[in-house]
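Undergrad: In case you want the letters, here they are:
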Amino acid sequence: MAALKNSLGLRAGLLSLAIFCGIVATWQIATMPAGGSSVVVDPEYAKLVGAAAATGSTTALPTPADIGVTIWHHILDPFYIRGSNDKGIGIQLAYSLGRVLLGFALAALVAVPLGFLIGMSPLVYRALDPFIQVLKPVSPLAWMPLALYTIKDSAISSIFVIFICSVWPMLINTAFGVAGVRREWLNVARTLEVGPFRTAFKVILPAAAPTIMTGMRISVGIAWLVIVAAEMLVGGTGIGYFVWNEWNNLSIANIVTAILLIGVVGLLLDQILARLATLVTYPE
Amino acid sequence: MERPLISVEGLARRFGDLSQPAVFEDIWFGVERGEFCCLIGHSGCGKTTILNVLAGLDSPSEGAVIVDNREIDGPSLDRAVIFQGHALLPWLTVMGNIAFAVSSRWPGWDRAKVREHARRFIDLVGLKGAEGKRPAQLSGGMKQRVGIARALSIQPKMLLMDEPFSALDALTRGMLQDEVLRICADTDQTVFMITHDVDEAILLADRIVLMTNGPGARIAEIVINTMPRNERHRNDLHKHPQYYAIRNHLVEFLVNRSRAFDAEIAEHGYDPRRPKTVKPGLAAVNPPAEVVPLRQTH
Numbered sequence: 001m002a003a004l005k006n007s008l009g010l011r012a013g014l015l016s017l018a019i020f021c022g023i024v025a026t027w028q029i030a031t032m033p034a035g036g037s038s039v040v041v042d043p044e045y046a047k048l049v050g051a052a053a054a055t056g057s058t059t060a061l062p063t064p065a066d067i068g069v070t071i072w073h074h075i076l077d078p079f080y081i082r083g084s085n086d087k088g089i090g091i092q093l094a095y096s097l098g099r100v101l102l103g104f105a106l107a108a109l110v111a112v113p114l115g116f117l118i119g120m121s122p123l124v125y126r127a128l129d130p131f132i133q134v135l136k137p138v139s140p141l142a143w144m145p146l147a148l149y150t151i152k153d154s155a156i157s158s159i160f161v162i163f164i165c166s167v168w169p170m171l172i173n174t175a176f177g178v179a180g181v182r183r184e185w186l187n188v189a190r191t192l193e194v195g196p197f198r199t200a201f202k203v204i205l206p207a208a209a210p211t212i213m214t215g216m217r218i219s220v221g222i223a224w225l226v227i228v229a230a231e232m233l234v235g236g237t238g239i240g241y242f243v244w245n246e247w248n249n250l251s252i253a254n255i256v257t258a259i260l261l262i263g264v265v266g267l268l269l270d271q272i273l274a275r276l277a278t279l280v281t282y283p284e
Numbered sequence: 285m286e287r288p289l290i291s292v293e294g295l296a297r298r299f300g301d302l303s304q305p306a307v308f309e310d311i312w313f314g315v316e317r318g319e320f321c322c323l324i325g326h327s328g329c330g331k332t333t334i335l336n337v338l339a340g341l342d343s344p345s346e347g348a349v350i351v352d353n354r355e356i357d358g359p360s361l362d363r364a365v366i367f368q369g370h371a372l373l374p375w376l377t378v379m380g381n382i383a384f385a386v387s388s389r390w391p392g393w394d395r396a397k398v399r400e401h402a403r404r405f406i407d408l409v410g411l412k413g414a415e416g417k418r419p420a421q422l423s424g425g426m427k428q429r430v431g432i433a434r435a436l437s438i439q440p441k442m443l444l445m446d447e448p449f450s451a452l453d454a455l456t457r458g459m460l461q462d463e464v465l466r467i468c469a470d471t472d473q474t475v476f477m478i479t480h481d482v483d484e485a486i487l488l489a490d491r492i493v494l495m496t497n498g499p500g501a502r503i504a505e506i507v508i509n510t511m512p513r514n515e516r517h518r519n520d521l522h523k524h525p526q527y528y529a530i531r532n533h534l535v536e537f538l539v540n541r542s543r544a545f546d547a548e549i550a551e552h553g554y555d556p557r558r559p560k561t562v563k564p565g566l567a568a569v570n571p572p573a574e575v576v577p578l579r580q581t582h
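In order, the protein sequence lines correspond to chains A and B. Going by the working numbering, the residue at position 86 of the first sequence is 86; the numbering climbs one at a time, nothing skipped. Going by the working numbering, the residue at position 67 of the second sequence is 351; the numbering climbs one at a time, nothing skipped.
Here chain A stands alone, though its shape is the one from the complex:
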């Protein structure tokens, strides 16, 4: 059984590698510059739109090799600062991560206690349900103008947008988890004359923890999706701003690098929360 499983993992890995090579090869063939065309171009024009576009090649898309070189340069020097519009990709990622974590933490501070209240009280649940149902489907970016107008600070506004998009999954999952705590566990606490606070922390919280963690995992995923768009709007710093800035520079290689990094960081965030979730999960 173990051997079979191993061989399946091995085969899947080989297949992944083959798919990856196929994509890269196709890409390479599609973007190869037409060989030998030595058109004379104005060097300033070439500098402005990129060598490939200036030489009259049909596309400005870089080859995989170009991307590799770009990634390598970013890895070699991720934290440089050469002026406000030219910062290393590591610094940009750190800005984005900082915003996401701050907004996410604030959302958790609000959503978990409020979700507890909603889950414990059918009255509060019914009273707040219309608000949640209406506000939940609103795109977080729709809040941006309102946030910019009221907060008058673009950095805090983007954190607010992260907050508002992270809050709903955590709120709903916490309420759901708390409301679903088995009656018999609560009865155990009641017959032991456990006070309300101790019951909340020692019985309800551990019982609902797996559901709450699932909500957090969904939230952090959405927050990481939203931060890129929010930073494109707000500008200044962050990986979203980096992508937009490189679009203005028409540096596709940098954009592709950023896309790959956004994907990898999103994966890491998800994996960290998945690992945390296994710590609080209990078999029944």
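Take these hints with a grain of salt, some might be off.
[What the hints assert, rightly or not] Okay, derived cross-link-like pairs now, DSS-like style, lysine-lysine, Cα gap no bigger than 30 angstroms in a straight line:
#1 K563/B / K202/A
#2 K560/B / K202/A
#3 K441/B / K202/A
[To be verified] Here's a subset of chain A near chain B, in silico, CB distances under 10 angstroms, partners left out:
#4 S154
#5 I156
#6 N187
#7 V188
#8 V194
Simulated from the structure, these hints should not be mistaken for lab results. All C-beta atoms, glycine included, are put in the ideal place defined by N, C-alpha and C.
Keeping the supplied structure of chain A fixed, place chain B upon it in accordance with the hints.
TA: Frame of chain A, contents of chain B only:
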């Protein structure tokens, strides 16, 4: 009037408004200190509801339960409950589950003292070595042992058990019954237990309260188990001279009389405050005086 330790007085419970028939009504009985009392009846007659009222988890529509001369108005550490579905907290270990109860009972105790006290009760139910296991790693019988240890560890004035062995296989059930019998005798515990198993009632109980079918269920009569505790052993229970008389009486009640009790009291009269007390076991060993054998040998 001297009240027993637990005194159930005029209890009734209906779900919904007053127009609904009561599940049970006019329930009167008592449990003496140190006594093992079983409540027996068909499902749906409100047995579990009565136990929940005794535990303080449910409140009656009418009547009251007096424990130690005080009317109960909620759960108490004096009344430990052993739940039908063990109700262990799955994220805690065996030790954690019992320590949770112990530290609820004595909030001032430090960790070491709590663990030491908990360990004593883990040993008592024969779970030594399993302290670090989670409930999911335990068999059904072991889980119920943890439930018993948790209830005993808070050293309650009485134990309330809701069909504690019904989810177990016959072999495990028998072993646990023996242990409960031993532990209750050692600690002189007052126990109120719900069951629908006639043999379990005869093995464990000193008194067996019989309940009629719902709705409007009531206490039909109280059977005194005249077999002394030290003569009740699971393996040779059926050899005891009184066994079949008591068993037949209980089975006869569950099969026929629990259904037709209204007709029975129309004929003989019925005082819900003093349900009839019967001793079917004694009738088997000492036939009533008026029954004279037809032919005497000497």
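Undergrad: Work down the list of hints and note, for each, if the structure agrees.
TA: Verification of the supplied hints:
1. K563/B / K202/A: 48 angstroms, violated
2. K560/B / K202/A: 47 angstroms, violated
3. K441/B / K202/A: Within the cut-off at roughly 25 angstroms; holds.
4. S154: Violated, about 43 angstroms.
5. I156: 38 angstroms, violated
6. N187: With Cβ-Cβ at 6 angstroms, under 10 angstroms, it holds.
7. V188: It holds, given that the least Cβ distance between V188/A and chain B is near 5 angstroms, below 10 angstroms.
8. V194: 5 angstroms, holds
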